[in-house]
Amino acid sequence: MNFRYTFKTSFTSLIANKSRSALTILGIVIGITAIMVIVSVGNGAESLILGEISGMGAQSIVIRPGKQPKGPSDMAGTLYSDSLKPRDVAALKKKSNVPYLVNVAPAVIVPGSVSYGGETYIPMIFGWTANMMSEMLNLYPAEGINFGENAIRDKASVAVIGSKVKKELFGGSSALGKKIKIKNKKFRVIGVYPPRGQVAFFNVDEVVIVPYTTAMTYLLGISHYNEIIVRAKNPEVVARTVNDIEATIRETHGITDPADDDFFVVTQKGMVNQIKNIMGVLTAFLSAVVAISLVVGGIGVMNIMLVSVTERTREIGLRKAIGATDGDILRQFLVESVILTALGGIIGIALGTVFSLLTSFILTHYLDLNWSFSFPFLAVVLGIAVSAFVGLIFGIYPARQAAKKNPIEALRYE
Amino acid sequence: MALIEVKNLEKIYGDGDVTTPALRDISFNIESGEFIAVMGPSGSGKSTLLHILGFLDRQTSGVYRFGGKTIDDYSKDEIAHVRNKKMGFVFQAFNLLPRATVLENVKLPLVYSGIKQAEWDAMATDVIKSVGLLKRIKHEPSQLSGGERQKVAIARALVNNPNVIFLDEPTGNLDSKSGRTVMEIIQELSEEEKRTIILITHEESTAEYAKRTIHLFDGRVVSDEKVKYQRAARDFVK
Ligand SMILES: Nc1ncnc2c1ncn2[C@@H]1O[C@H](COP(=O)(O)OP(=O)(O)OP(=O)(O)O)[C@@H](O)[C@H]1O
Ligand SMILES: [Mg+2]
Chain Z
6 MNFRYTFKTS FTSLIANKSR SALTILGIVI GITAIMVIVS VGNGAESLIL
56 GEISGMGAQS IVIRPGKQPK GPSDMAGTLY SDSLKPRDVA ALKKKSNVPY
106 LVNVAPAVIV PGSVSYGGET YIPMIFGWTA NMMSEMLNLY PAEGINFGEN
156 AIRDKASVAV IGSKVKKELF GGSSALGKKI KIKNKKFRVI GVYPPRGQVA
206 FFNVDEVVIV PYTTAMTYLL GISHYNEIIV RAKNPEVVAR TVNDIEATIR
256 ETHGITDPAD DDFFVVTQKG MVNQIKNIMG VLTAFLSAVV AISLVVGGIG
306 VMNIMLVSVT ERTREIGLRK AIGATDGDIL RQFLVESVIL TALGGIIGIA
356 LGTVFSLLTS FILTHYLDLN WSFSFPFLAV VLGIAVSAFV GLIFGIYPAR
406 QAAKKNPIEA LRYE
Chain W
96 MALIEVKNLE KIYGDGDVTT PALRDISFNI ESGEFIAVMG PSGSGKSTLL
146 HILGFLDRQT SGVYRFGGKT IDDYSKDEIA HVRNKKMGFV FQAFNLLPRA
196 TVLENVKLPL VYSGIKQAEW DAMATDVIKS VGLLKRIKHE PSQLSGGERQ
246 KVAIARALVN NPNVIFLDEP TGNLDSKSGR TVMEIIQELS EEEKRTIILI
296 THEESTAEYA KRTIHLFDGR VVSDEKVKYQ RAARDFVK
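Those protein sequences? They're chains Z and W, same order as listed. Here my numbering is used: the first residue of the first sequence is 6, the next is one more, and so on. Here my numbering is used: the first residue of the second sequence is 96, the next is one more, and so on.
No lab work stands behind these hints: they were computed from the structure. All values derive from a computational prediction rather than experimental measurement. Please note that a few of the clues may not be correct.
Okay, derived cross-link-like pairs now, BS3-like style, lysine-lysine, Cα gap no bigger than 25 Å in a straight line [to be verified]:
| # | chain 1 | residue 1 | chain 2 | residue 2 |
| --- | --- | --- | --- | --- |
| 1 | W | Lys180 | Z | Lys409 |
| 2 | W | Lys233 | W | Lys211 |
| 3 | Z | Lys13 | W | Lys323 |
Could you put together the complete structure from these sequences and hints?
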């Protein structure tokens with residue numbers, strides 16, 4: 006039997022039962038839509054996160070206090086742990102301990118707001134070293150200067166601020182030399198960064214950097230660090246440097262068993278692997294859910310095809326009586342179920358694209374994320390193939406029921 | 096060798112306790128080009144016989160040869176092919192596809208014939224014209240009269256140019272005038288195209304258009320004779 010004819014006949018019969026066909030493929034539509042959205046949003050999220058991670062640079066190594074968090078709920082623990090102290094930084098600075106270290110800077114996070122005159126703003130305040138910030142993000146003040154070693158040693162009350170902080174507090178006028186207030190302590194603005202936006206999980210435009218010594222003594226009253234940032238000489242020696250760092254800190258902390266570590270080390274590569282792992286697990290889990298929905302959808306299609314075979318018993322009998330072979334009838338119904346599910350796949354792809362676009366629109370326009378929508382061609386191909394395959398698999402049984410019919414009994418069917 | 100050979104044919108419906116013998120010990124031969132009317136009261140086994148002759152059903156015992164071969168000499172697909180190419184069937188209940196046009200209904204046997212799709216329309220249109228339904232070609236069966244539906248069914252049986260045409264009560268549901276126009280078409284097929292025609296009817300007047308009548312009663316052949324004065328359908332129309 007001619008394929009064009011089969012296709013047309015199947016299509017006509019599906020059109021004749023429009024609403025039933027539509028309801029039948031709903032499961033497939035939802036499944037394929039889900040695949041599209043998952044793949045598209047997943048890709049977007051992954052490239053967003055990977056983009057942020059790459060912002061910290063391949064040479065950067067972050068040492069955090071506490072145990073390696075097993076999940077987001079563990080995160081808080083690292084903020085309250087006080088295991089990283091000045092002696093650790095002193096040990097890391099020794100050439101014999103960490104030979105490939107080129108720069109090391111402790112960091113503390115200062116919660117709170119900043120104000121100037123009547124204006125108040127809630128930025129991200131870091132006690133850090135300005136030169137580490139500049140080196141790590143390759144970002145140097147557009148106006149003024151960074152504070153240096155002297156300011157850190159003297160616990161000077163100086164700050165370098167992001168472009169948005171400047172705009173919020175000073176509007177169009179100059180910020181340099183002005184005194185801003187953090188927790189009732191005045192800091193003199195000596196530098197302003199150029200606009201850069203979101204990099205490495207924080208918005209550079211919203212930062213206020215003050216010497217970490219000043220922050221610890223006057224703003225926080227603590228003597229431990231929230232993070233220690235290390236720059237290795239080049240990306241090739243990062244792995245080796247991580248080992249050196251771990252050995253050094255274990256020694257200063259008197260730890261012999263790595264399981265007892267009260268700190269952990271994060272690198273760009275490690276984070277990338279971690280994210281890829283998380284995304285992999287998430288994708289596998291969601292794929293399983295989608296697979297279940299497609300199976301359920303397929304059973305729906307099978308059910309309706311069985312109804313259709315029964316309804317069209319006389320037609321089947323007639324076709325066989327005038328010369329259709331079992332194979333002809335089988336193909337006719339298989340083509341019908343494949344068209345049905347493939348149609349569901351196409352609708353699913355269209356809907357999935359719309360939802361993905363909508364998601365990326367909302368994320369970029371309302372959440373200000375650096376989100377990029379990429380049309381997932383792989384998911385499109387996969388979606389059509391999978392939906393057609395579902396039609397084929399779940400169409401076989403009804404189609405065989407149709408092909409098996411005895412023509413004369415089928416013709417007699419009321 | 097006769098085109099159709101039937102020997103001691105029996106058909107018993109059902110199995111176990113409730114069995115209905117529909118045909119008993121039937122024997123006859125039909126030559127190519129004959130025009131035969133099968134007669135008998137309702138339930139005498141006429142349709143059952145026609146289905147067996149058309150390879151749509153199997154006898155319980157006895158022998159049926161079509162062109163020298165029994166149904167068991169063919170594979171399933173070959174039987175479908177024989178039904179498609181060598182036989183035309185007009186069913187007692189038209190059996191047209193309800194949502195398809197006249198043209199699409201008539202085309203149906205071509206779909207399974209191996210003939211190129213490009214030729215289907217022309218071939219179907221030709222037979223539709225020959226049964227005089229060209230004006231109704233785009234109509235669906237629900238928009239046709241009983242006589243017109245019967246003509247569509249005949250056109251469909253003819254479209255593949257089969258040698259043998261089986262008709263189950265082609266005039267059974269028609270008034271006498273449309274019955275005559277249908278019989279005119281059938282008689283022409285016999286006279287002018289020398290097709291083999293096996294027609295079921297329970298009306299004596301319709302049987303008289305044939306050349307030979309076989310009478311069934313209770314599943315048995317009670318008479319098998321030549322028609323003495325064959326009626327010509329065309330004269331009545333004029
Ligand atoms: N599928 C079946 N199962 C059981 N009995 C059947 C079946 N088909 C037909 N019969 C019986 O076989 C006998 C012959 O039926 P058949 O249909 O051949 O009669 P017919 O001569 O064509 O009658 P009519 O003129 O009413 O069409 C009847 O007694 C009928 O009840
Ligand atoms: Mg009958």
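Do the hints match the structure? See the list:
For the suggested pair lysine 180/W and lysine 409/Z, the alpha carbons sit about 22 Å apart, so the restraint of at most 25 Å is met. Taking the CA atoms of lysine 233/W and lysine 211/W, the gap is near 22 Å; set against the 25 Å cutoff, the hint holds. The suggested pairing of lysine 13/Z with lysine 323/W is violated, with an alpha-carbon distance near 51 Å, which exceeds 25 Å.
The structure is inconsistent with hint 3 alone, although it conforms to all the rest.
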